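Asks: Given these sequences and hints, build the entire structure.
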Amino acid sequence: MQKDKTIFILFHTIHDVLRMEKILKKQEIIHELVPVPRNLSSDCGMCIKLDDDVEKIRHHLENFEVERSFSFDGGTYEPIDL
Amino acid sequence: MIYLDNAATSFPKPSETLQFLNDFVTGIGGNPGRSGHTLSLEAARIIFNVREKLTSFIGMEDSERLIFTQNGTESLNMALLGLLRENDHVVTTSMEHNSVMRPLEFLHRQRGVSYTTVQCSTEGFLDMDDLVRSMRKNTKAVVINHGSNMTGAIQPIELIKDLIGDTLLIVDACQTIGSVPIDMGSANIDILCFSCHKSLFSIQGVGAIYVRREIDLTPLKFGGTGSKSESIEHPSLMPDKYECGTPNTPGIASLLGGLTFIENEGLEKITKKKGALRDMLVKGLRDIEEVVVYGHGASRSQSHLAVISFNIVNKLSSETGYELNKRSIYTRVGLHCSPVAHQTMGTFPKGTVRVAPGYLTEEGDVGSFLGAVREIAER
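As given, the protein sequences belong to chains A and B, one line each in that order. Numbering-wise (this note's numbering), the first sequence opens with residue 1 and increments by one. Numbering-wise (this note's numbering), the second sequence opens with residue 1001 and increments by one.
So the derived label-pair ranges between C-beta atoms look like this: (1) SER1236(B) <-> ASP52(A): 30 to 38 angstroms; (2) GLU1265(B) <-> PHE72(A): 45 to 53 angstroms; (3) TYR77(A) <-> GLY1029(B): 30 to 38 angstroms.
These are calculated hints, taken from the structure and not from any lab test. Every value quoted in this text rests on a predicted model; they were computed, and no experiment measured them. Here a beta-carbon is modelled for each residue, glycine too, at the ideal position from N, C-alpha and C.
Replies: Put into structure tokens, the structure is as follows:
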């Protein structure tokens, strides 16, 4: 995945969002918790916005059930498989 | 004032409990996971942290399988009503609280679930041969009170699981958690139910249940979770599957204080001090000629919690409790929501006086209590 794009990772539960946040903090990976963009989902929850290289977390994702993920280039959200 | 009713709820609470509660109520206050703003997120983070800490405290790893409830009763209802179906059989004991007996009786009448109540000794201990004999082909679960709220008798959970094999073991740990170590992993407990406002020192209104992988309970409640909001179908993933509606976040925050206190003190030290208070109480009460102590046989003293039931001969438990209360000594009298346990002890329907010191009880308080009982007994 290109580094110049922002990645949005959506989870099914806030518990999983926070579980991922714990990993990201521990590994000092640049990220932010943001409301799920309304054009991606009508959900009222939070998701992870990753400003770092997604490769750094790929192996951690094996322990998660990711709902969906997107790559954002500043204009459009492209669905991606992580 | 001397508070000796810690088997009902602990009092006073450690300062950490109040600190975490105050920090949440005055500084955060948001509804966890319900909105995109910082205070909602901070509230969710608190619940996440407590969930992780409590999961680790009981020797488990999958924190999403730890569900917060209102109390131990709700946890036990969730386990029994969520698991049992028509033609299932359950084995339980004659030392159970009504939080087990009433759901079982309801299930018997409403769903055709059958149950066998294995008779325990008057001390409150389960006979393992009787347990094995009560098992049937359709026995789905054994539900057992880990530590009696009447005699303080602690059942050998690991041995019980060895004997019942693949049958699910549901443990009511309301009295034991925070008093003695509980490792769900090594004890192979399948479902652990407990309250958090007793020896885990949260404020009232917090309980929990941990459900092992591969066990699927039907939820008792359905509603808003802050997740999957676009769907009217209830989420299937834990913890959201079992937690809906606004949780008791202040209470859960206070639990973080309680767990922090236990961590700083050390559970071993807590167990030891409560054991010493128990021994002092049992010996002191037995030294009073007119007092009968139920259970707490000398040879089994290490298998009892600091929960002691007694009566003064020729006095009603209510009279003794009334006299103690007049001296600002607070115990609990009556049947303690445990009629079957009282039948086992031979104290039904008259009941007993129950004295339950906590970790924050001072030895001097126990001495004053014993002096008061002697005075009441000798009047």
